[in-house]
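Use these hints to put chain B onto chain A, whose structure you have.
Here are the chains, one letter per residue:
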Amino acid sequence: MFVKDNMSTKDKLITCVIYTVAFSAISILLLITIFIFRKGAPLIFKIGIPNFIMNKTWAPLGSQYGIFSMIMGTIWITAGAMIIGIPLGVSCSIYLVEYAPLIIRKILKPIIELLAGIPSVVYGFIGVVMLAPFIRIHMGGPGLSVLAGSIILGIMILPTIVGISIDTLQAVPNSYREGALALGATKWQSIYKVVLPAARNGIIASIILGMGRAIGETMAVIMVTGNSANVPHSILDPVRTLTSNIALEMGYATGDHQQALFSTGIVLFIFIMIINTNHLLKIYFYYLLYLPLQFFVL
Amino acid sequence: MNIKISANNLSAYFGKKNTLKNINLNVYCNEIMAIIGPAGSGKTTFLRSINRLNDLSNDFSYKGNLLLDGEDVYNIKPEILRRRVGMVFAMPRPLPRSIYENIVYGPKLAGTASKSDLNALVEKSLKSAFLWDEVKDRLNTSAMKLSGGQQQRLCIARTLALRPEVILLDEPCSGLDPISTAKIEEAMQILKKEYTFIIVTNNTKQAARVSDNVAFFLMGELIEYNSAQNIFTIPEDKRTDDYISGRFG
Chain A
245 MFVKDNMSTK DKLITCVIYT VAFSAISILL LITIFIFRKG APLIFKIGIP NFIMNKTWAP
305 LGSQYGIFSM IMGTIWITAG AMIIGIPLGV SCSIYLVEYA PLIIRKILKP IIELLAGIPS
365 VVYGFIGVVM LAPFIRIHMG GPGLSVLAGS IILGIMILPT IVGISIDTLQ AVPNSYREGA
425 LALGATKWQS IYKVVLPAAR NGIIASIILG MGRAIGETMA VIMVTGNSAN VPHSILDPVR
485 TLTSNIALEM GYATGDHQQA LFSTGIVLFI FIMIINTNHL LKIYFYYLLY LPLQFFVL
Chain B
1288 MNIKISANNL SAYFGKKNTL KNINLNVYCN EIMAIIGPAG SGKTTFLRSI NRLNDLSNDF
1348 SYKGNLLLDG EDVYNIKPEI LRRRVGMVFA MPRPLPRSIY ENIVYGPKLA GTASKSDLNA
1408 LVEKSLKSAF LWDEVKDRLN TSAMKLSGGQ QQRLCIARTL ALRPEVILLD EPCSGLDPIS
1468 TAKIEEAMQI LKKEYTFIIV TNNTKQAARV SDNVAFFLMG ELIEYNSAQN IFTIPEDKRT
1528 DDYISGRFG
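For the protein sequence lines, the chains are A and B, in the order given.
Each position in the first sequence, counted from 1, maps to that position plus 244 in the working numbering.
Each position in the second sequence, counted from 1, maps to that position plus 1287 in the working numbering.
For reference, chain A alone in the conformation it holds in the complex:
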């Protein structure tokens, strides 16, 4: 279908190879999707979608499969991670591109990207031995909490946000900066009014990727959030996310219980799909983050 008659033999061969590689990558994704849905969908329909999503009780032994508390857990933890990660990440990349001397940028950028290479269990370990006791002693609660998870995740998504934001900021043509400065803008005004809007799409993309990472992260979250399947009422409460729910119980689950974990996977899958595909989210970021900031700064 893709091989045309007027191609040379070599071209035909290469076209075939490239399409095979491309489609095998896509088909693996497709297979995973089908697998999750075949395993998980029957249980969702058996107990009903509202009952599955809105029920707060997760008691596999009593055949109660409500994941509302886990959904809330994921939302709390992700929101917390974004609150910590976005300002840190975006301001860090602004500093590195606009203010830092070249030598500092060249040293710091690889170091920040190195953060991405640290295994998540190490982050979790740091959270357990340092952060959780600190929160328990100074702020109360059990220590293993939404707050601890958010801080750890906020740091973990930094390399994603910083790396991509730096690239987009560097891609903004210098003539924009010069144009603004030549009109009498101060350095910060030129950055805020010209450079950031020009780099907006890239920065938002970096935030969305970081958010995907935060939602999907499992190991570090299991270690620092306490994992009790209750809806959190404050940032000091322990919490269980969708991912931890699967990872914690998959080892021993059977029958309906196992199916319920796959159903959890479906919900997670839908979360990720919404974040990665929905352009509404970009608009939402624009109105919720960018516009209000504009009032504060200028």
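By construction, these hints were calculated from the structure, which means they are not laboratory data.
Yeah, the Cβ is synthetic: ideal placement off N, Cα and C, and Gly gets one too.
Relax, there's no trap hidden among the hints.
One-sided excerpt, in silico: chain A residues whose CB lies under 10 Å from chain B:
#  : residue
1  : P345
2  : L346
3  : P417
4  : N418
5  : S419
6  : Y420
7  : E422
8  : A424
9  : L425
10 : A426
11 : L427
12 : A429
13 : T430
14 : V438
15 : A442
Computed list of lysine to aspartate or glutamate pairs in EDC-like fashion (alpha-carbon distance at most 16 Å, straight line):
#  : chain 1 : residue 1 : chain 2 : residue 2
16 : B       : K1480     : B       : E1452
17 : A       : K431      : A       : E342
18 : A       : K431      : B       : E1366
19 : B       : K1402     : B       : E1388
20 : B       : K1432     : B       : E1421
21 : A       : K431      : B       : D1342
Restraint ranges, calculated between C-beta atoms of paired labels, are given here:
#  : chain 1 : residue 1 : chain 2 : residue 2 : range
22 : B       : K1414     : A       : I519      : 46 to 52 Å
23 : A       : I327      : B       : K1480     : 53 to 59 Å
24 : A       : L346      : B       : K1525     : 39 to 45 Å
25 : A       : F378      : B       : G1398     : 42 to 48 Å
26 : A       : I319      : B       : K1414     : 51 to 57 Å
Chain B in isolation, oriented as in the chain A frame:
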């Protein structure tokens, strides 16, 4: 005639490279001063010294001084200086916003006035740049949708909106069609009553058409500085003659 800008023994360096060598010249009020010379002769560096845009390069340094109305430009805050000395670049680079916002951007930063004032300012600036008739019905469309020549006139209009004293033009017509070029040159002739222009151009004919005085730069040195008439009819230096008659450059 009052001296508007005077350069005294001005030398400029990027790292170790010496781009301007001991420049001494005066620019007078309400004149159009043209700078001509082959590529790499320091024309643009000189222009950008006046509004301190060279400072953006990390390795820039300078010697000597440059006075605007008798005051060293390094004693003026850069944003104030750049409001007094506007600049139009070779490539028209409007900000990625609407036509209206492009023009009010500068005045808003400077903290000028009410909405009705801004509207009047937009109209006046666009009219001065001969752009008003073409865009008056679509001030809120993106400036990126204009043609190259219109974008350049928009850039001139947004510079005018700041009501500067001096306007620097860095090869403003290099990418433009003859009609847009003619419109810009016409605008300059009218506007020189209120402003002082310094124009860098690769087009010697343009320099001859628009300017009162012409400076010829070569390899970072000021070879000759004289009235346009003298430069183009009886140049004193042989190198000037060679350049103008197209023997090099």
